[in-house]
Structures are given as structure tokens and as C-alpha cells.
Amino acid sequence: MILIVDMNYRKDSLGTYEFVLPIASAIKDLEEYTIKHYSELGQTDIDNCARIILSGNALRNSQVLTRVEDFAWINACEKPVLGICAGMQTIGLIFGSSLARSLEIGMVQITTVKENPLFSSSFRAYELHCCSIEPSKKLDVLAKSEKCAQALKHKEKEIYGVLFHPEVRNREILQRFVLLPS
Amino acid sequence: MRFGVLFSGGKDSTLALLKTAEKEEVVCLISIVSKNRESYMFHTPNIGITGLQAKALGLPLIRELTEGAKEEELRDLKHAIKRAHEEFKIGGIVTGAVESVYQAERIQKTCHELGLWCYNPLWKKDQRELLEEIMSNSFKVIISGIFAYPLDESWLGKELNKELVTRLLKLQKEYGISPSGEGGEIETTVLDAPLFKKRIEILNSAVESEGNSGVFQISKARLTEK
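These protein sequences, in sequence, are chains L and A. The working numbering puts the first residue of the first sequence at 1, with every later residue one more than the last. The working numbering puts the first residue of the second sequence at 1, with every later residue one more than the last.
Mixed in with the good hints, there may be bad ones.
[Claimed, not checked] Quick list of in silico lysine-lysine cross-link-like pairs, DSBU-like style, CA-CA up to 35 Å: (1) A:Lys23 with L:Lys79; (2) A:Lys78 with L:Lys11; (3) A:Lys23 with L:Lys36; (4) L:Lys28 with A:Lys173; (5) A:Lys220 with A:Lys197; (6) A:Lys197 with L:Lys11; (7) L:Lys28 with A:Lys162; (8) A:Lys78 with L:Lys147.
Quick caveat, the hints were computed from the structure, so don't treat them as lab data. Computed from a prediction, not measured in an experiment: that's the story for all the values here.
Looking at chain L on its own, in the form it has when it is part of the complex (with noise of 0.2 Å):
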């Protein structure tokens, strides 16, 4: 079971059709999910799924970055979690990365810059953020963009982080990562 939290202002809204359905339809044959807005995320929630997507939101949307000790579990979370923009922003932050304005909107060139799973070599991806990631010393890079870094992964645990949309642009991320070994 995949847990796809929702990470819009508020449960259902505009933005669950936007940021959570296209990832849910992109994964939906290879495994079940099941998806919960972040305010009401339980133990329970974490402890009966295999894997976990946190979701990405609208570009005005900064209400969870603000919120970041309902990410706390994140910390000692040991199974494999992706996290999409408003997602990667908010793992760098639980492991004490920094925010640094940076506006990407449209289609936009990565460069990998360190040997992954999920993905290689160079690509177009989705962009649509006006916050990056400055990396703290627990997170690898693994790709670039001309502005900033677009996928992170922590240094020892199945953690990964990707600033574009691979919902949107690259939906074969989202299955690599589903079909991770646990």
C-alpha cells in the first residue's frame, strides 16, 4: 500500500485534483493507495503503508512550510518516502536544509549529478516552484538544474526528494519509486 499524503491548504480541496490525483493515476497499476491530507496523518497512516508520496501544491500554496513539526515522523520514518516539491522542500527542511527563493515555471533541464535508482542522465521535467533547497550535510544531490538543486536523497535512509512534477512530466519516476525494493 502506497500512502500519497496531500499537502494543499486544506483537505480536498482545488489542489487534491491538481497535485495528488495525477500521482495516484500514475501508480495506480502497479499498487494500492490510499491518500490522506497531511493534518490528519496518524501513526496508524504510517505504519500500515509500505511506501509514502508526499504531494506537491499550487505556487502560492507556502501553509506547510510554516508547518513543518507536522512533519516531525518524517525524522524517524524508516521506509522509503518521495516527496514532490512542496514535498522535497519539506523533507529538506525536517533535516535542517535551508529555503532559498528560486522561481521555476514550465518545462525546465535537469542534469544528474549523482547515480540513483530513479533516474539518469540529462532530461526535461516540470517545474512549477518559487522555493528551492539549500542542502544540509544529510542529503545527497542528485540533480541539477541551471538554478538550483532538483532531487535530493538523505545519506543513509530511502529518502529522496524531487523539486519538478513527475506527475506531470517523467510519471516512470513515480513508478522506479514504487517499485523500489522495500
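Dock chain A against chain L, hints included.
Coordinates of chain A only, in the frame set by chain L:
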């Protein structure tokens, strides 16, 4: 939050409007009338009927005319959204974008520059599911434009129903056309939908077509009781 919906009068923007109205407050519609038949952003047959559709919906409509030159039309879009912001105090824009990164990117950038939220509630929606949702919500939709082989003028003016959707899905398998017209293969006009207080009755229309390209042009229509 108060939203304005970018409204072409076709099935996608009408479904996006319905989804928005279920969760937020829709206070106006915005239509961009492009003179450029080749515009990737805005051209759609029967854009003139959005006035009647807005009356049927009981919503104010902001209409902006554009020559449709590539970047100029974005300036006109921005002007229209700015008017909606000033006149109706909108906090955000909703579009019916499904697949087009080209359109989504430009509208996101425009909203960002104006400090507005932007949502695309049909984004990446499966095309079969989209068509099924339109039918299950009892939309009355006609095909108002065809722009791909093997579509011909026999499709123009036809009402979207289960049989037509089956034919479109068959053409997707055989010819790779997008059944919901995401590649610009078909354009649609909505004559009735759940939020419509009245329905649109076509009084006069004409088919203009050549080969696999054509439009069903509505020249006279009126509102009638549902």
C-alpha cells in the same frame, strides 16, 4: 476563496467551472476572443456564445479581444485577469487545462505576476474518465470543430453521447487521436450543464469544412427553460 474561471464555452472549461463551484466561490468568467485561428492558447469555435452561456449560468463575463499573436495574447490575457481581479476581487484563476504544459505554464506565470492563485482541476485527468464524467453529469455538448484525420464534417454539430465517445475511443486506438481533443483534434460547445439555469437552443447554424478540418458555426441561439 473567490475564483474567476477561464471560460471558452467548451466541455473542459465548463467541467472545471463545475468542480470549482463545488469547492469554492466562482464570481466571474473570463473569455479571450482570439482573431488568430492558429492560436495554441485561445482559439475556439463559437467563442461568441460565451455571452449566452454566462447568462445561462448567471455569472458576469469579462471578454477580452486579442489579435492572437504569440506573446501579445498573453498580455491581453493578463489584462483580462487583472480586470477580473479589480472588478470582482478574485483571489485566483481556474482553467480547464488537461494536458497542455504550454498553456498551463503561461497561465501560471501570468497569475504569479499578478499575485493570484491558479488551479487546473482537470490536470492530467484520464481522457476516457473526463468524457464519462461529462456524460454522467448530463452535460449537453456538441462537436463544434474537427481538425484531424479521419474526422469529417459528419461529426460537426453531433451531440457527445455514449455512442460518439465509443467511436472516439476507437479512433484513438486506430489513429492515435486524443478522444477528448487534447491535441486540438476536436473542439466542443456546451449547450447545457448542471450549473446552467437555462439551456441554449440553437436557432441558426452553418457547417464550414474542408477535408478533415471544419467548424459548426452557431449564428443564432437563445436561452430556453430547462
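Now the hints, each set against the structure:
The hinted pair formed by A:Lys23 and L:Lys79 meets the criterion: a straight-line CA distance of about 34 Å does not exceed 35 Å. Taken as a hint, the A:Lys78 and L:Lys11 pair is honoured in the structure, with Cα atoms around 30 Å apart against an allowance of 35 Å. Between A:Lys23 and L:Lys36 the CA atoms are separated by roughly 18 Å; this keeps the pair inside 35 Å, and the hint holds. Between the alpha carbons of L:Lys28 and A:Lys173 the distance comes to roughly 22 Å, so the proposed pair stays at or under 35 Å and holds.
Between the alpha carbons of A:Lys220 and A:Lys197 the distance comes to roughly 19 Å, so the proposed pair stays at or under 35 Å and holds. Pair hint A:Lys197 plus L:Lys11 holds up; C-alpha atoms about 30 Å apart against a cutoff of 35 Å. With a C-alpha separation of about 25 Å, the suggested pairing of L:Lys28 with A:Lys162 holds against the 35 Å cut-off. Distance check on the hinted pair: A:Lys78 and L:Lys147 sit about 26 Å apart at the alpha-carbon level, within 35 Å; holds.
Checked against the numbered hints above, the structure violates none of them.
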